[in-house]
Structure formats: C-alpha cells, structure tokens
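Heads up: the protein sequence lines correspond to chains U and S, in order. Residue 1 is where the first sequence starts when you use my numbering, and the numbers rise one by one after that. Residue 111 is where the second sequence starts when you use my numbering, and the numbers rise one by one after that.
Just so you know, these hints were derived from the structure itself, not from any lab. Honestly, I wouldn't trust all of these hints.
[Said to hold, decoys possible] Take a look, some chain S residues computed to stay more than 10 Å from chain U by CB distance: (1) 116; (2) 117; (3) 136; (4) 153; (5) 154; (6) 156; (7) 159; (8) 175; (9) 178; (10) 197; (11) 198; (12) 205; (13) 217; (14) 218; (15) 220.
[Said to hold, decoys possible] The following residues of chain U were derived to be distant from chain S, with all beta-carbon distances above 12 Å: (16) 12; (17) 13; (18) 63.
[As the list claims (entries may be wrong)] 25 Å max Cα-Cα, derived BS3-like pairs, lysine-lysine: (19) U:97 - S:130; (20) S:165 - S:176; (21) U:97 - S:176; (22) S:176 - S:124; (23) S:165 - S:124; (24) U:81 - S:151; (25) S:124 - U:97; (26) S:174 - S:124; (27) U:81 - S:176; (28) U:109 - S:151; (29) U:81 - U:109; (30) U:97 - S:174; (31) S:165 - S:130; (32) S:174 - S:130.
As the structure is a prediction and not an experimental result, all values here were calculated from the model. Heads up, the beta-carbon is just placed ideally off N, CA and C, and yes, glycines get one too.
Letter by letter, the chains look like this.
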Amino acid sequence: GQSLEQPSEVTAVEGAIVQINCTYQTSGFYGLSWYQQHDGGAPTFPSYNALDGLEETGRFSSFLSRSDSYGYLLLQELQMKDSASYFCAVRGAAGNKLTFGGGTRVLVKP
Amino acid sequence: GAVVSQHPSWVICKSGTSVKIECRSLDFQATTMFWYRQFPKQSLMLMATSNEGSKATYEQGVEKDKFLINHASLTLSTLTVTSAHPEDSSFYICSARDIQGLYGYTFGSGTRLTVV
C-alpha cells in the first residue's frame, strides 16, 4: 500500500517562509507532486519532482530525497492568497494512480 | 495548457434519485481519467480509474453498482451516483492525464453533491 504523512496545519504571517514536509511509503515511485486547493476549488499544480533535488517555480519550491522517502514544499514571501490546503501526492507503481497525503492547511495572517 | 471541464459544479437531489457528473478534457486526449471524493477538511480519496473503452477499476470499498463510471471517448468520462443517499453528499472531483504525459494530472473544478 501507499501512505503519505504531512502536518495538518501551519500558520504564518505575510512575507514569511513556510516549509511543509511530506514523508511517504509506496510500492514503486514515479514522482512526488504538490497540489494547492482553496476551499471548494479544484487542486492546482504548484510543483512536481521525479528526481532528487530542488525544483523552483516562482515563490514555490519543492524538494525531493528518494533515499529518505521525503520531500517538502517551500512557500516563500507568503501572501494572503496562499491560504489554502496543500497536498503531497505520489504516483506509485500501479496504473498512474495518485495517492494523496492528508493535506496541510496553511493559514496566512496579516 | 490542459483544461478539464466538470459539470455540474453543484447539484442538490432527493434521496433515491440518480445524479450524473460529466468530466471533459477540452484540449487534450485522456485515455485515463480518475474520480475522487473529498469530504470537508479531508483529503482526496480515489474512487476509481476510468479507461477509455474499458471497464473502470474501482478502489477497495467503492461500490461499483452505486458509482457507475463510463468513459466512452478520449475526452469524456461520466460518474453516475445511483440511488443517492445523504451519506453520498460530498465533493466529487475528476482528473485526467494526457496521453503523452505532457501536462501531468489536470483536475476538474469539482461537483458539490448534496442529497436531501
């Protein structure tokens, strides 16, 4: 089976930096993704890692260490609009399925 | 970029009736679409994987006869919730992956189903 662990909630102020960690256990691994979801909305696609290292996409960066089964999403220069839930997801061995972590609710305060 | 259109965005139905939700890939072909259910403040739980022209693969614990999935073309998959009950009230989201794998997984905007 597959399981992903991430913190349930993080609070920070505007302009700060937040790191959301994700550890996973999977049978097969084809990449770690991070999705942002505002309440009632669709998940959107901030970042994806298939190989070890850091990927930067604007204010968002994602890191992966396959040997440690660990990754994180780094949100920099936090803005109010970044208040949302963030999910890590792993594509495992079986048929392109994504398995999602429980989600981290990020609350950005003024 | 890739766009997935999901309709309706919200629906209220009476207990015992059926509801159909459509998911269309607008500018790409998707051999595989995925259906998720999400309860408030929880994660996305995969219900089934829908493959064009073949039967859907359901996750353990998901009732095949209750959640009917049809993937008749490379751009359309439908989920029908049959004989809906209040406990089926949830947020249903589809996702599609393009054939070439260029766009990753694109999600529809979701359908809020309320069964009364």
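Evaluated hints:
no. : hint          : verdict
1   : 116           : 8 Å, violated
2   : 117           : 13 Å, holds
3   : 136           : 14 Å, holds
4   : 153           : 5 Å, violated
5   : 154           : 5 Å, violated
6   : 156           : 6 Å, violated
7   : 159           : 6 Å, violated
8   : 175           : 22 Å, holds
9   : 178           : 20 Å, holds
10  : 197           : 20 Å, holds
11  : 198           : 18 Å, holds
12  : 205           : 8 Å, violated
13  : 217           : 4 Å, violated
14  : 218           : 6 Å, violated
15  : 220           : 5 Å, violated
16  : 12            : 19 Å, holds
17  : 13            : 23 Å, holds
18  : 63            : 18 Å, holds
19  : U:97 - S:130  : 23 Å, holds
20  : S:165 - S:176 : 15 Å, holds
21  : U:97 - S:176  : 21 Å, holds
22  : S:176 - S:124 : 15 Å, holds
23  : S:165 - S:124 : 28 Å, violated
24  : U:81 - S:151  : 18 Å, holds
25  : S:124 - U:97  : 32 Å, violated
26  : S:174 - S:124 : 21 Å, holds
27  : U:81 - S:176  : 38 Å, violated
28  : U:109 - S:151 : 20 Å, holds
29  : U:81 - U:109  : 10 Å, holds
30  : U:97 - S:174  : 18 Å, holds
31  : S:165 - S:130 : 17 Å, holds
32  : S:174 - S:130 : 15 Å, holds
This entry does not satisfy hints 1, 4, 5, 6, 7, 12, 13, 14, 15, 23, 25 and 27, going by the numbered hints stated previously.
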